[in-house]
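Work out the full structure: start from the sequences and follow the hints.
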Amino acid sequence: MLQTLFAAYNNITFCPPLIGFKSELRVNLSFNLLESMPQLGSDVESFAADRNKITRIDKELPKNSKLTILSLRLNKLENVPQGISNLPLLTMLLLGGNQIKTISSEIGMLTSLRTLDLSLNMLDHVPGCLQYLRELNKLSLAFNRIKHIPAWLFILPLLKILILSGNRIEELPTEEEVGSAMLQAQNAGNTESKTLNANQQQQQNKGNQNNCKSSQGQNLIINQNQNQNYIQNQQKSNSQSKIPQTRSSTFMDSNFAPQTDSNHKITPSLAESGNIQASPLVHVALSSNRLTQFPSVLLRFTSLAQLFMAHNAISEVPIKLFHLLPQIVRLDLSFNKIRDISQIEMPMHIRAVFFDFSHNRISQLPERVEKMELRMRSLDIKENEEIQAAKEQMEKQ
1 MLQTLFAAYN NITFCPPLIG FKSELRVNLS FNLLESMPQL GSDVESFAAD
51 RNKITRIDKE LPKNSKLTIL SLRLNKLENV PQGISNLPLL TMLLLGGNQI
101 KTISSEIGML TSLRTLDLSL NMLDHVPGCL QYLRELNKLS LAFNRIKHIP
151 AWLFILPLLK ILILSGNRIE ELPTEEEVGS AMLQAQNAGN TESKTLNANQ
201 QQQQNKGNQN NCKSSQGQNL IINQNQNQNY IQNQQKSNSQ SKIPQTRSST
251 FMDSNFAPQT DSNHKITPSL AESGNIQASP LVHVALSSNR LTQFPSVLLR
301 FTSLAQLFMA HNAISEVPIK LFHLLPQIVR LDLSFNKIRD ISQIEMPMHI
351 RAVFFDFSHN RISQLPERVE KMELRMRSLD IKENEEIQAA KEQMEKQ
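First residue of the sequence shown? That's 1 in our numbering, and the numbers climb one at a time after it.
Heads up, a few of these hints could be off.
Distance condition first, Cα-Cα at most 30 Å in a straight line; then the derived DSSO-like pairs of lysine-lysine [as the list claims (entries may be wrong)]:
1. K63 / K76
2. K147 / K320
3. K101 / K160
Calculated directly from the structure, the hints in this document are not laboratory data.
Spelled out as structure tokens, the structure:
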């Protein structure tokens, strides 16, 4: 029973439909000459066709598919595959290195997606549908044409790795904008919860009303029988004691009245459970953009361990950088316009840091460099013109 089809590194130009298999199938057709993606059956678990010549996908992806991994990197696709929303189990979608300009809103329906690679394409903005990917763990939008970064990108609840290098970004959202996005997400979550609870309450009320009608009917029969017996007894009693006949009342069962929960609590929303300081972001790459200032919003991500911002135009570094980012391990600020790092404070708790300040305009080294180096594994300050000039002048003297 075929479970794996590995046919990479050939000159294959055509692949027949991959349908009719009775077991889960893993397929790799990378490094071939395919111009179209073959039809996939619902039993294909993973499919890779990287570095082909695929420009189109003739057949819509199958419904109720078991596909969890789809990799079509380094092809010539201009659009996301049709029927991508038919893949509810998809956890990894790799479309880097194509010619994609727009993203279908269907991607927002991939509720299981954890890894998304859209790097090396022609996107000029961050697709809004990505904000619905609540399970997203890794996102790469590197080397596109993106200028603006929306605030909601920084409040995705499970996002740990964000790669935005090689774009045209001049600034990131401010803390206020991110806070506003969190508030909007909170309100939207509350509204959604209220709507859901209202629908559930409405259904419950309908069920209660039906039960109430049924119970009332039974109670009415019982009460009528009781009333008849009571009237007969009263008539007998009246005939004996000559007391005037009275009318008995009808009883309603209060247990079937609609119940409301005064202590109802709304499910915590994204904004409530994911404040900036508790964000899971650990890796952010912003190299080769157009940043002129160190984005202050990054200082709120206290779990950040790796930050890459080489090849920008940043001129200053926050003095409290290492206090605000206590988990930082690797920081790359090479090829910027930084002049002074002498005032940067180094907390005692930092032990293993790879710090790259090379190719800047630094004129003065930090005080007590020796102690700083004891807390670092690597401090790279080579190719700083001002430092070189100062050294040469000292040698002449």
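Quick rundown of the hints versus the structure:
1. A distance of roughly 25 Å separates the Cα atoms of K63 and K76; the hinted pair therefore holds under the 30 Å criterion.
2. At roughly 28 Å between alpha-carbon atoms, K147 and K320 fall within 30 Å of each other, so this suggested pair holds.
3. Annotation: proposed proximity of K101 to K160 holds, straight-line Cα distance about 25 Å (limit 30 Å).
Taken one by one, the earlier hints all hold for this structure without exception.
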